[in-house]
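> Here are the chains, one letter per residue:
Number of protein chains: 2
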Amino acid sequence: MDKRLTKDELVFLPLGGAGEIGMNLNCYGFGPPEERRWIIVDCGVMFGRESATPGVDVIMPDARFLVENRQDVIAIVLTHGHEDHLGAVAHVWPDLRCPVYATPFTARLLQDKIVEAGLEDALRVRIVPLGGKLRLAPFELEFITITHSIPEPNALVIRTPLGNIVHTGDWKLDPDPLVGEPTDDRALRKLGEEGVLAMICDSTNALVLGHSGSEAEVERALNGLIKGLSGRVLVTCFASNVARLQSIAHAARDSGREVVLVGRSMHRIVRAAQDTGYLRDFPRVLDEEDATQLHADNVLYLCTGSQGEARAALSRIAEGNNPNIQLSEGDSVIFSSRIIPGNEREIFELQNKLAALGVAVLTERDHFVHVSGHPGREELAEMYRWVRPRIAVPVHGEMRHMMEHARLTSELQVPQTAMVVNGQMLRLAPGRAEIIDEAPSGRVHLDGRLLVNEDEGYARSRRALGKAGFIGITLVLKKSGRLAAEPVLHMEGIPDAVLGPVATAVTRAVEARRGGDLNEQVRLAARRAAQDVWGKKPIVRVEMVEV
Amino acid sequence: MDKRLTKDELVFLPLGGAGEIGMNLNCYGFGPPEERRWIIVDCGVMFGRESATPGVDVIMPDARFLVENRQDVIAIVLTHGHEDHLGAVAHVWPDLRCPVYATPFTARLLQDKIVEAGLEDALRVRIVPLGGKLRLAPFELEFITITHSIPEPNALVIRTPLGNIVHTGDWKLDPDPLVGEPTDDRALRKLGEEGVLAMICDSTNALVLGHSGSEAEVERALNGLIKGLSGRVLVTCFASNVARLQSIAHAARDSGREVVLVGRSMHRIVRAAQDTGYLRDFPRVLDEEDATQLHADNVLYLCTGSQGEARAALSRIAEGNNPNIQLSEGDSVIFSSRIIPGNEREIFELQNKLAALGVAVLTERDHFVHVSGHPGREELAEMYRWVRPRIAVPVHGEMRHMMEHARLTSELQVPQTAMVVNGQMLRLAPGRAEIIDEAPSGRVHLDGRLLVNEDEGYARSRRALGKAGFIGITLVLKKSGRLAAEPVLHMEGIPDAVLGPVATAVTRAVEARRGGDLNEQVRLAARRAAQDVWGKKPIVRVEMVEV
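Chains as they are written, first to last, in this note's numbering: chain A, 1 to 547; chain F, 1 to 547.
It cannot be assumed that every hint is accurate.
Identical copies carry no separate label here, and so any pair may be met within one copy or between two of them.
[As the list claims (entries may be wrong)] Heads up, simulated DSBU-like pairs for lysine-lysine below, C-alpha to C-alpha not over 35 Å straight-line:
1. K467 <-> K479
2. K190 <-> K7
3. K113 <-> K7
4. K133 <-> K113
5. K113 <-> K537
6. K536 <-> K113
7. K133 <-> K7
8. K190 <-> K133
Simulated from the structure, these hints should not be mistaken for lab results. Nothing here was measured: the structure is a model prediction, and the numbers come from that model.
Go ahead and model the full structure; you've got the sequences and the hints to work with.
See below:
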């Protein structure tokens with residue numbers, strides 16, 4: 001056996017998140033090719049979109065490569081508690097059954113999902129303290145406190161015999177994050193001195209100039225803004241942004257308003273934060289019903305639904321479907337959030353409903369009510385100056401973000417920048433970083449309650465149904481092959497005017513059967529007839545039954 | 001008969017565009033209620049979205065009210081040539097058969113659509129010169145030159161015995177529009193002195209502070225930007241922005257690049273502009289094939305597809321499907337356009353494909369390459385100071401834009417602001433403006449080549465198909481009511497795992513028939529079985545046939 005093939009290699013394999021924002025799944029492997037051992041960093045979901053994947057709410061990475069190698073998977077390690085980093089654990093873990101490590105708040109959020117999935121007896125999350133270390137031979141891990149838009153974000157240092165890796169996770173440089181500690185830049189500088197082989201880094205805001213800004217600035221701005229408002233005030237934001245919840249609650253207190261939490265995830269996150277030692281001075285919260293007694297000037301609703309989600313609390317309020325909360329002229333709704341690209345129409349439709357009630361809608365477009373949790377270009381540059389990796393690997397971004405990130409690292413004179421997308425195995429050492437292999441990768445849809453591979457095409461065929469509808473044709477045939485009854489047509493999503501011509505075409509095709517595949521002859525005749533009248537080609541299926 | 005009921009009234013009735021941006025259809029009526037005569041201002045379309053109206057590319061207003069009153073419809077008058085102002089004329093006109101008036105460039109664009117619809121012998125557009133007047137008793141119209149993002153935008157003055165109306169159309173205040181004259185503010189001020197009862201005004205950018213900026217500034221910026229680029233340069237913008245096309249062509253000339261037009265509508269608009277006296281010094285354009293001979297530094301592609309439209313030229317180039325145009329590392333694509341809300345994902349996917357090729361993507365986010373065609377708040381304020389209407393009527397906006405526009409007019413102390421949405425008939429005079437009636441209104445889908453009313457629900461049922469798929473069941477029964485064959489199932493968009501349980505449930509339901517509606521019993525059984533396995537309820541239809 002060739003000795004070179006058996007020597008140790010250090011590889012990075014993203015199975016999610018490299019080429020998209022969402023469903024992060026990062027794998028680090030060490031060992032000779034036949035005996036690589038793996039740690040998984042993060043295991044998240046992304047959300048489906050009706051236009052692309054109708055009927056699919058949740059999408060996760062295809063983890064089949066890990067399942068096939070499960071005896072070599074050492075652990076899942078989570079950097080922080082956002083859905084796109086932990087949402088797939090409860091789905092993927094049953095096929096891996098490896099230890100899962102997380103810091104306390106992240107573990108607490110994951111616990112809810114574990115219980116939901118009925119896995120609480122099988123999976124016990126192992127808790128790592130902030131700044132803690134883990135020995136997962138051949139890897140040694142160190143958690144380094146950074147800042148983001150959720151408590152307890154961590155960068156991971158992954159030490160291996162072939163060099164050190166910094167996996168940043170999601171981060172920004174917030175000098176005053178309000179909840180938790182600021183970024184441990186001393187540890188990062190020290191790492192830079194120790195020597196870092198590769199940094200695998202967040203690209204989300206590589207297109208954004210400057211600095212993301214601080215939660216403390218938003219706190220001050222919200223405080224001033226809310227003090228100046230009369231009438232009911234409703235603030236919507238991402239529930240997981242605990243610092244923001246605290247800022248809003250303080251603004252309520254400072255302007256003589258009681259806080260009412262609205263929406264399941266608001267309650268869930270506040271509970272999780274308090275369980276793990278955060279939000280110690282969060283004011284007493286009222287429930288919706290008690291708050292109906294308060295004067296409009298004395299209430300502040302802290303509410304889910306900033307992305308216009310139809311089933312979330314704010315959409316229900318805007319539609320007048322919350323019996324305890326009615327908004328009207330003189331009231332204000334603050335969107336203390338950004339628009340996640342793709343959600344524009346839903347958010348604007350929500351804002352239109354609020355506007356129609358006479359409610360003032362305040363957003364980051366016109367007021368300083370939000371800062372991003374991801375690093376702008378100045379912050380990226382600062383991080384690279386601290387860590388000084390030999391190899392930069394942009395992840396957590398679409399191609400346009402990752403390419404811009406790569407342009408920046410090349411300006412910053414990082415010796416090598418390596419681009420990888422999901423499924424590409426990048427050898428980080430020994431030698432120059434290069435792609436050496438491909439692993440199966442893709443997307444798995446949570447379709448209803450079934451997990452189905454995107455390749456199975458159900459969402460795709462539903463998308464086709466959405467465009468041109470469906471015609472199902474049943475031919476009831478006698479043994480002789482003649483029709484025993486008129487063909488039966490099932491049409492859905494197709495204008496009535498199409499029915500007659502299709503029925504005629506089907507009958508004719510049966511009558512004119514030329515031997516060969518009757519099913520296909522009928523299918524094509526129906527499709528052609530639909531197109532002649534309608535200009536569109538529906539999906540047509542023909543079933544035959546003999547009586 | 002009550003005399004008050006029969007006296008003349010002046011009314012405004014929007015049938016499209018009030019409560020949405022797109023498909024403008026404005027009606028002005030004059031006379032006693034039973035004998036009102038109408039002029040129609042603009043008759044446009046909007047574009048469908050896959051998530052909301054799958055399979056529908058074009059949506060237009062339901063004009064049934066006008067068709068029912070067609071003997072009283074005097075004319076259709078067009079303010080300018082954008083699709084959302086003229087795109088429905090060829091669809092609606094055959095039911096109205098009234099004269100259509102437009103200025104030369106708008107008429108020229110409409111002519112293409114008339115020919116496409118095979119109406120060239122029936123409909124001859126009547127051309128009004130810029131600044132022209134029309135006597136359409138009881139109305140008198142005057143066209144006032146304004147500025148927008150297309151040649152020949154006009155505000156209309158509609159004079160009636162009960163007062164003057166200013167219908168702004170789409171506008172901005174561009175001191176140097178490059179193509180055409182600047183806004184005729186003298187005429188607007190004069191009108192203000194003459195006295196204006198009501199102004200019906202563009203709300204699109206009522207949320208935008210400040211001023212929209214000038215095409216001349218974009219010209220200078222593009223010129224500098226393009227001079228600094230090497231490699232192939234591709235610029236995409238709205239083809240109808242003729243001034244922009246000219247700016248880009250001049251930038252090409254000034255940086256030693258030949259201009260290549262790519263995409264059908266680029267050719268169409270340049271031809272229309274030149275036919276009507278614009279773009280006189282537009283450089284000679286090359287065709288795609290000849291341009292393959294040029295050095296990369298000597299070519300500039302002016303290209304359709306800035307909104308990420310899958311079938312437009314730029315998407316095809318990004319996918320490598322244009323044999324004459326291959327982009328790669330070192331080339332640049334400039335999006336000299338804005339993102340129309342709702343198109344984000346398509347545009348970003350396009351930009352991701354370009355980024356993956358190594359192409360630099362320059363947008364209005366990072367470079368000054370676009371100005372809006374609609375008035376920011378400063379421009380709105382200026383217009384109200386000139387025209388001084390007694391009544392402000394915000395149109396051309398979603399509710400959030402119209403409400404903000406209304407807040408502004410109330411700050412500006414316009415005596416009355418009246419809010420109307422599609423289908424509400426607003427009496428402008430005599431007396432205080434108020435809503436006095438409702439007219440049927442709604443949306444008509446161009447579904448394939450059929451016009452179908454939104455209420456008919458085909459797009460809605462296709463959307464439901466997209467979410468949960470379809471099951472069609474054929475029961476072949478003997479005269480006795482017993483099954484003559486196994487039930488036939490047509491399933492589409494539904495995971496295979498659902499088939500078995502549904503088939504079993506159907507057979508059982510037939511066997512267990514309890515009298516009553518077998519069809520409904522089978523339908524519910526199938527739906528329930530699907531939900532049990534899948535967690536989703538597909539559309540289920542049952543057809544029975546006797547043999």
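> When the structure is checked against the list of hints, which entries are broken? Sort them ascending.
Hints 1, 3 contradicted; others consistent.
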